[in-house]
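*Asks:* Residue-level listing of the chains:
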Amino acid sequence: SAVISQKPSRDICQRGTSLTIQCQVDSQVTMMFWYRQQPGQSLTLIATANQGSEATYESGFVIDKFPISRPNLTFSTLTVSNMSPEDSSIYLCSVEPSARAFFGQGTRLTVV
Amino acid sequence: RKEVEQDPGPFNVPEGATVAFNCTYSNSASQSFFWYRQDCRKEPKLLMSVYSSGNEDGRFTAQLNRASQYISLLIRDSKLSDSATYLCVVIKAAGNKLTFGGGTRVLVKP
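For the record, the sequence lines run as chains W and C.
Remember, this note's numbering sits 829 above the position in the first sequence when you count from 1.
Remember, this note's numbering sits 20 above the position in the second sequence when you count from 1.
In case anyone wonders, no lab produced these hints; they're calculated from the structure.
Mixed in with the good hints there might be a few duds.
Anything over 10 Å on all C-beta distances counts as not near chain W; from chain C, calculated [claimed, not checked]: (1) G36; (2) G78; (3) N85.
Pairwise CB distance ranges (calculated) [what the hints assert, rightly or not]: (4) W:S830 - C:N85: 22 to 32 Å; (5) W:E883 - C:E23: 17 to 27 Å; (6) W:S838 - C:R79: 24 to 34 Å; (7) W:P837 - C:A87: 38 to 48 Å; (8) C:N47 - W:G869: 17 to 27 Å; (9) W:P868 - C:S46: 18 to 28 Å; (10) C:D27 - W:Q867: 13 to 23 Å; (11) C:L66 - W:N879: 19 to 29 Å; (12) C:S72 - W:T908: 40 to 50 Å.
For every residue, glycine included, the Cβ atom is placed at its ideal position computed from N, Cα and C.
Required output: the full structure, derived from the provided sequences and hints.
*Replies:* As structure tokens, this is what we get:
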């Protein structure tokens, strides 16, 4: 198993600003994943973050909007840039040892 | 057609009753299957893996039907604490990304 600490747990942000979400894992992992869960919806993968290389983004998500850092094997950040109300969502980081996903507690973002 | 589909519910279940629901997947090459549970305002947590031979964990039984491309989850003797959204997760192959269904909401009532 893996224990993931994610912060902030929630934030209310002004449109046009940016928010950086942090995830810390209690063990070294090769890949970390960032998901978005919009209200009443399931999880959508934003990108996969490998240490030492650029993140791989899913269709519909771009680096300029969601830059990701992965400076080491236990930590990653996701930035939601130039926010609009449509970015209001829950953002979750995840690791998937043995194909079983463990999630951070999530960041509930509201953009006003 | 979505890769992984679930009946969103809600399934309103009397306490003590049995409830079952399915999840269909479109890719016949899918290899691994899981049920996750998500409580309101919480992150998803693994409930159980789904094995080809079917598997049981206490009051929960998961089954896989490869011919018809669906997995199922059955909850016996439902408890109020079983109220949650149950997410179906499918992986095409080792190292591939997880694909989530939309979730099935279950409400257990006294």
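*Asks:* May I ask which of the numbered hints given earlier this structure violates, with the numbers listed in increasing order?
*Replies:* none
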